[in-house]
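Number of protein chains: 2
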Amino acid sequence: MNFLTKINGARRHNQSCLCVGLDPEPGKLPPGVGVYDFCRAIIGATYNLVCAYKPNIAFFEALGSEGWSVLKQVIESVPKNIPVILDAKRGDIGNTAKAYARAAFDELGVDAITVNPYMGYDSIEPFIEYRDKGVFVLCRTSNPGAADFQSLVFEGKPLFQIVADKVETWNKNGNLGLVVGATQPEELKAIRQAHPSLPLLIPGVGAQGGSLELAVKYSHTGDGLAVINVSRQVIYASSGADFAAAARNAVLSLRDEINRFIPE
Amino acid sequence: MNFLTKINGARRHNQSCLCVGLDPEPGKLPPGVGVYDFCRAIIGATYNLVCAYKPNIAFFEALGSEGWSVLKQVIESVPKNIPVILDAKRGDIGNTAKAYARAAFDELGVDAITVNPYMGYDSIEPFIEYRDKGVFVLCRTSNPGAADFQSLVFEGKPLFQIVADKVETWNKNGNLGLVVGATQPEELKAIRQAHPSLPLLIPGVGAQGGSLELAVKYSHTGDGLAVINVSRQVIYASSGADFAAAARNAVLSLRDEINRFIPE
Chain A
283 MNFLTKINGA RRHNQSCLCV GLDPEPGKLP PGVGVYDFCR AIIGATYNLV
333 CAYKPNIAFF EALGSEGWSV LKQVIESVPK NIPVILDAKR GDIGNTAKAY
383 ARAAFDELGV DAITVNPYMG YDSIEPFIEY RDKGVFVLCR TSNPGAADFQ
433 SLVFEGKPLF QIVADKVETW NKNGNLGLVV GATQPEELKA IRQAHPSLPL
483 LIPGVGAQGG SLELAVKYSH TGDGLAVINV SRQVIYASSG ADFAAAARNA
533 VLSLRDEINR FIPE
Chain B
283 MNFLTKINGA RRHNQSCLCV GLDPEPGKLP PGVGVYDFCR AIIGATYNLV
333 CAYKPNIAFF EALGSEGWSV LKQVIESVPK NIPVILDAKR GDIGNTAKAY
383 ARAAFDELGV DAITVNPYMG YDSIEPFIEY RDKGVFVLCR TSNPGAADFQ
433 SLVFEGKPLF QIVADKVETW NKNGNLGLVV GATQPEELKA IRQAHPSLPL
483 LIPGVGAQGG SLELAVKYSH TGDGLAVINV SRQVIYASSG ADFAAAARNA
533 VLSLRDEINR FIPE
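Chains A and B, in that order, give the protein sequences.
Going by this note's numbering, the first residue of the first sequence is number 283, and it counts up by one from there.
Going by this note's numbering, the first residue of the second sequence is number 283, and it counts up by one from there.
What the hints contain is simulated information worked out from the structure, not anything from laboratory work.
Please note that a few of the clues may not be correct.
Same chains, same names: a pair is fine if it fits in one copy or spans any two.
[As the list claims (entries may be wrong)] Quick list of in silico lysine-lysine cross-link-like pairs, BS3-like style, CA-CA up to 30 Å:
#1 Lys362 with Lys439
#2 Lys439 with Lys354
#3 Lys310 with Lys354
#4 Lys471 with Lys354
#5 Lys499 with Lys380
#6 Lys354 with Lys380
#7 Lys354 with Lys499
#8 Lys380 with Lys310
#9 Lys362 with Lys448
#10 Lys471 with Lys454
Computed from a predicted model, the values in this text were never measured in an experiment.
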């Protein structure tokens with residue numbers, strides 16, 4: 283099924299614009315709980331309150347040779363109506379990007395992926411060619427270092443806006459979106475105003491400190507999908523045996539808070 | 283052992299500035315030869331003629347759950363005096379970048395990695411903190427799309443030069459370098475002139491069409507390491523059972539050609 287159809291279905295069904303990021307750091311898991319069991323329990327406790335899950339492949343790679351199969355099992359444990367966005371931030375020359383796309387879409391079977399724009403169009407095209415898959419291009423990221431290059435101004439426009447404009451022109455298959463952090467709400471606002479119909483994936487609320495209210499208000503002014511991602515604030519809501527129930531409570535209040543902030 | 287010490291040792295020992303890229307695409311391997319056996323045979327036939335190997339993790343990820351252990355075995359099969367540069371082009375926020383660094387340096391045990399600068403300093407710092415490891419930051423890449431963003435001019439300087447300048451200021455541990463493609467020799471020349479001491483990793487000769495002569499001449503004008511990478515031209519020199527011998531012949535002539543072009 284097409285990614286946008288699937289995520290919009292989950293969004294309506296669960297009345298939720300919340301994506302839960304699965305970033306399992308071994309040192310942070312409750313005692314005696316392995317990575318697969320941890321993720322599986324979080325998913326089991328929250329699947330009817332979210333519009334997507336976003337596993338970050340870095341935390342699975344850090345497990346070594348078991349990481350890939352653990353990740354694949356986690357992905358397979360997500361109910362079929364909830365899309366999985368692989369946070370991988372890939373980007374390489376054409377023949378290599380093709381291999382990354384095969385890995386994500388054919389081998390892991392995810393519904394969408396995040397990619398890095400630094401290498402330009404041919405590094406993203408192989409992902410776009412999977413018409414039923416979503417491709418979120420890094421635009422204005424949520425971290426402190428984002429300003430190093432993304433905010434440089436070229437002929438009156440910051441780099442992140444040039445990236446957003448390019449993504450709009452590359453969107454021949456209608457499956458592109460942008461990653462825009464919540465930590466710089468005015469920049470999020472400007473991007474949404476310039477690109478009312480592009481799907482936005484918005485990390486940076488919660489542990490990274492972005493305002494949830496502004497993230498929701500500014501991203502929901504167009505007709506494009508806006509997905510708010512929260513990772514640590516949900517999955518580490520409790521460090522004890524009640525982590526799954528605590529995650530559910532965190533998701534429940536985040537979802538409802540988001541819904542209250544959505545403009546009429 | 284420190285990456286620069288190791289690669290300089292291999293360079294002197296083998297009289298070679300050539301790095302062989304290991305990009306095993308299943309459709310291109312000789313009939314009946316698996317990915318591990320293919321890479322192992324290439325390494326066995328060329329290890330005394332190169333200064334490094336550069337496996338690209340995308341081609342191993344595309345194998346699915348076996349990919350990681352095949353990659354690890356390939357890395358372990360490289361003789362201990364030859365460094366391995368993992369071509370991964372990673373980049374993410376701090377806590378995620380830490381996980382990528384653990385995956386590459388602790389789990390796979392490589393000597394160096396390629397990273398993407400788009401997300402700025404904190405996305406690269408966790409790699410830099412491994413003082414004995416090399417970190418090559420994408421600067422001016424070899425692909426057609428590189429011009430989309432890397433060549434945008436900001437206050438008289440293209441983005442790729444701004445990246446190079448930043449990398450120089452971030453180089454507190456002396457373990458940073460740049461990836462600069464051979465396909466735009468004048469840009470390579472300008473980067474080397476501005477940064478005579480930074481190690482350069484130079485893809486783009488061979489299948490991508492960059493001039494070997496200019497790549498060598500322009501990168502060897504400073505006192506910094508310059509490593510020429512060739513992948514497809516070497517590993518697919520023959521599609522038959524003689525692929526390893528053909529790879530050795532290709533490496534032998536590339537190495538000698540490079541050595542002839544190095545300025546006095």
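These are the hints, each one checked on the structure:
1. Neither within a single protomer nor between protomers do Lys362 and Lys439 lie at most 30 Å apart by alpha-carbon distance, with minima of 41 Å and 49 Å respectively.
2. For the homomeric pair Lys439 and Lys354, neither the shortest alpha-carbon distance inside one copy (40 Å) nor that between copies (44 Å) is at most 30 Å.
3. For a Cα distance limit of 30 Å, the shortest separation of Lys310 from Lys354 qualifies both inside one copy, at 21 Å, and across copies, at 26 Å.
4. When the C-alpha separation of Lys471 and Lys354 is checked against a cutoff of 30 Å, the pair qualifies neither within a copy, at 36 Å, nor between copies, at 45 Å.
5. For the homomeric pair Lys499 and Lys380, neither the shortest alpha-carbon distance inside one copy (36 Å) nor that between copies (32 Å) is at most 30 Å.
6. Taking the closest pair of Cα atoms, Lys354 and Lys380 come within 30 Å of each other both inside a single copy (19 Å) and across two copies (22 Å).
7. Taking the shortest Cα distances, Lys354 and Lys499 never come within 30 Å of each other, neither inside one copy (35 Å) nor across copies (47 Å).
8. For the homomeric pair Lys380 and Lys310, the shortest alpha-carbon distance between copies (14 Å) is at most 30 Å, but the shortest distance inside one copy (34 Å) is not.
9. Within a single copy, Lys362 and Lys448 get their C-alpha atoms no closer than 32 Å, and across copies no closer than 45 Å, so neither meets the 30 Å cut-off.
10. Taking the shortest alpha-carbon separations for Lys471 and Lys454, only the intra-copy value of 24 Å comes in at or below 30 Å, while the best inter-copy value is 37 Å.
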